[in-house]
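Work out the full structure: start from the sequences and follow the hints.
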Amino acid sequence: MIEFHLDPRSGVATYLQIVQQVKEALRLGTLDVGDQLPTVREAVADLAINPNTVAKAYRDLEREGLVVARQGRGTFVASTLAPASLRHHDELRVQLERWLAGAEAAGLDDESIRALISTTLRKKLARRVA
Amino acid sequence: MAWVTWRQHRSQLVAGLGLLVALAAAALGTDLPIRAAYHRDALSGCLPPSARSGCDIIVKHFQGEFASWAAAVRGLAVLPALAGLFVGAPLLARELEHGTHRFAWTQSVTRRRWLLSKTSLLAAATVAAASLASAIVMWWRSPFDTLEGRMGPSGFDIEGLVVPAYAFYALALGVLAGLLLRRTVAAMTLTLVVFAATRLVVLEFLRPRFLAPLHRTVLASDGGRQAGDWVLSDTLVDAGGRRITTGHEDLAVLHAQHAGIDPHTYLITLGWKRVISYQPGGRFWTFQLIEAGIFVTLAVAVIAVTLWCVRRNPT
Amino acid sequence: MSRRLDGGEEAQAPASPGPGGKSGASPLEARGLGKRFRREWGLRDCTLELPRGAIVGLAGANAAGKSTLLALATGLLTPTEGTISVLGRDPLRDPAVLAEVGFVAQGAPLYRSFTVADSIEFARRTNTRSDSSIAAELLPSLGSRTKVGDLSAGDRARLALALALGKRPQLLLLDEPFAGLDPLAGREFLQLLMDGVAETSATVVIASHVIADIERVCDHIVLLAGGGVRLQGNVEALLDSHRLLMGPRRPLGSIRGVREIVRERHSGRQLTLLVTTDGPIVDPSWRVDHVALEELLLAYMAPERLPTPQPPERVPLRWHG
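Protein chains in written order, with my numbering: chain G, 1 to 130; chain D, 131 to 445; chain U, 446 to 766.
Partial chain U-side listing against chain G, Cβ under 8 Å, derived:
| hint | residue |
| --- | --- |
| 1 | R632 |
| 2 | L635 |
| 3 | Q636 |
| 4 | M639 |
| 5 | A643 |
| 6 | E644 |
| 7 | R661 |
| 8 | V662 |
| 9 | D664 |
Only pairs whose alpha carbons sit at most 25 Å apart, straight line, appear in this in silico SDA-like list of lysine to any residue:
| hint | chain 1 | residue 1 | chain 2 | residue 2 |
| --- | --- | --- | --- | --- |
| 10 | D | K403 | D | G370 |
| 11 | G | K124 | U | P725 |
| 12 | U | K592 | D | W136 |
| 13 | G | K123 | U | E740 |
| 14 | G | K123 | U | M691 |
| 15 | D | K248 | U | K592 |
| 16 | G | K124 | U | R688 |
| 17 | G | K123 | U | L684 |
| 18 | U | K592 | D | R224 |
| 19 | G | K123 | U | V733 |
| 20 | D | K248 | U | E566 |
| 21 | D | K190 | D | H394 |
| 22 | D | K403 | D | D380 |
| 23 | U | K592 | D | S238 |
| 24 | U | K592 | D | F216 |
| 25 | U | K592 | D | M131 |
| 26 | G | K123 | G | V19 |
| 27 | G | K124 | U | L689 |
| 28 | U | K592 | U | D576 |
| 29 | G | K123 | G | L100 |
| 30 | U | K592 | D | A132 |
| 31 | G | K123 | U | V727 |
| 32 | G | K123 | U | T721 |
| 33 | D | K190 | D | L158 |
Hint data in this document are derived by calculation from the structure and do not stem from the laboratory. Think of the CB as a built atom: it goes at the ideal place given N, C-alpha and C, for glycine as much as any other residue.
Dropping the structure here:
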């Protein structure tokens with residue numbers, strides 16, 4: 001069973017954080033098909049957030065086909081992300097390390113790198129949601 | 131609401147019960163010597179209207195023997211006020227003072243029902259306790275009542291139906307005072323003042339006139355007062371019916387003493403009479419009913435006002 | 446309780462109306478509501494309507510009228526002018542509606558001499574519908590024989606909340622529930638509250654002058670300032686319709702995409718505008734950013750509000766580079 005955590009200062013909406021954490025768990029294999037997600041009540045009693053938020057996150061995940069809500073029984077993982085994505089991890093990591101070396105060589109410090117990555121990621125995310 | 135009333139007022143109810151027990155114990159304890167003296171002096175033979183010689187002295191002696199106890203018992207007239215002070219006044223004042231009305235008045239029970247239930251239950255308990263206290267006092271006072279009657283305030287105010295009526299009225303006053311003043315101590319003060327004032331007004335101005343007083347004209351000598359009557363006025367009038375001032379009376383007595391005549395005989399020869407206006411002892415229960423009725427009506431009116439007021443801004 | 450899966454501001458399944466409640470009526474509605482205390486107006490010309498099933502943050506400074514509004518909603522005060530209706534009913538004329546309303550007043554008032562068990566019994570006896578299971582869950586940590594006066598502020602607050610939730614209310618009103626609570630107690634309170642809301646699907650109003658406390662859970666905001674409503678609306682919609690514009694200091698004309706300037710601040714050569722938008726802002730001379738809720742509310746709380754910018758035909762956009 002996955003445990004959610006909330007970062008109120010991250011600037012990312014709460015329901016998005018939940019979605020991201022579920023997807024991350026799916027990618028890492030922590031969650032598998034058939035596993036049950038925490039019920040709305042469990043998540044809410046633990047995190048002290050609006051039940052709507054959890055419901056919205058689960059709805060989004062259901063729309064993407066990753067989970068399925070079974071009336072009265074809970075929400076369950078329906079499919080993992082393509083295992084192919086796991087395969088690409090190693091390759092992507094190597095690419096990332098190379099890119100980071102390049103950024104360092106260009107004179108960017110840690111903060112600038114992080115800022116660049118997060119702004120670009122946020123713009124991409126916003127464009128996708130919009 | 132019964133459980134709620136009990137839980138919130140149980141210390142008051144227990145204290146009231148304790149008071150009753152103490153009263154009963156005191157009454158029982160003090161009663162033995164009184165009954166013993168009563169029989170020893172054969173006072174049953176001195177009951178009015180018999181005028182056995184020497185009865186005067188015997189009765190006076192008996193009364194003197196227990197004068198302090200009788201005086202203490204008169205102090206019980208303050209008991210009904212306690213219901214207003216310690217049960218009625220804190221009822222609303224404490225809730226408003228502590229802010230717990232924001233808890234009590236936002237449940238499913240409406241404010242009016244809450245107040246009506248509580249007041250009714252507490253009133254019932256108060257009336258029951260006061261009736262019991264009244265019965266104890268009546269039982270204790272019976273020798274005195276037979277000798278000197280109970281129409282006078284010293285007997286009337288602590289016996290019969292008026293005691294629970296006073297207590298009911300005091301309770302209602304306390305509740306209203308608590309709502310208006312929102313502070314327990316202030317409410318207690320106001321309750322005491324208004325209660326005392328009401329009692330005083332009824333006693334001085336209304337009770338003497340419940341029924342038209344009777345009059346008796348007697349010779350200007352002692353006597354003419356029947357034990358058991360409540361004498362309202364006892365005035366000396368001349369042959370023409372005009373009132374004689376005490377100054378004038380004193381002059382006449384002085385004159386008689388100078389002349390060596392018995393003052394009483396002298397006043398009779400002057401043609402002076404005494405007019406006594408009184409309420410006979412036989413009217414005791416009628417008067418009790420009337421006065422109790424007055425106070426019960428007042429109590430109900432006060433409660434109605436309180437119920438109407440509680441709907442408005444309490445915060 | 447699948448209602449929550451529909452949640453948010455989209456179409457909601459109507460909550461089952463409790464006895465006497467009109468289904469479809471807004472849980473709390475006020476029109477021109479005003480309350481005067483002797484010479485001062487605690488609340489003036491307050492008009493609002495809360496959406497059902499929302500968790501509403503009632504924000505505002507200390508004397509803004511939050512407690513007054515809640516007292517009017519529970520019939521503890523009579524309005525001087527205007528109307529207020531709770532679940533479609535007038536709390537003064539129809540006090541039976543309070544059976545559907547849970548209320549925890551400021552300071553979580555309970556009878557101090559009562560034990561925890563007594564308090565639960567009190568709630569049971571004074572309510573037509575009282576589910577003591579929520580309070581019963583607290584018993585192990587509170588102790589049923591503990592006197593309420595001996596409980597910590599956090600425990601007292603949770604007990605009061607549990608009793609209010611036990612009524613299975615359609616509307617839950619909380620007046621400054623976090624005041625006097627340490628962060629852990631506050632978190633525990635919020636957990637109990639959210640759990641209770643997930644279970645009962647109640648509409649909740651949390652009055653607090655500390656925005657951070659309620660930012661975490663609220664999806665609707667009502668901001669009171671100076672006795673009136675300064676801002677109200679869905680949190681997401683408000684955050685979406687406001688932007689922070691930063692740029693070099695210059696005289697202003699109209700800016701495309703900006704509907705109204707809410708607040709203007711300048712320091713040195715930088716000008717910061719908080720604006721409402723009616724379209725995308727593409728002017729490259731401005732850096733556009735989102736606004737956090739707290740900053741948004743603070744801006745609306747400030748007494749100085751700028752006048753609206755001139756309409757585009759009159760004053761062309763000018764700046765000195």
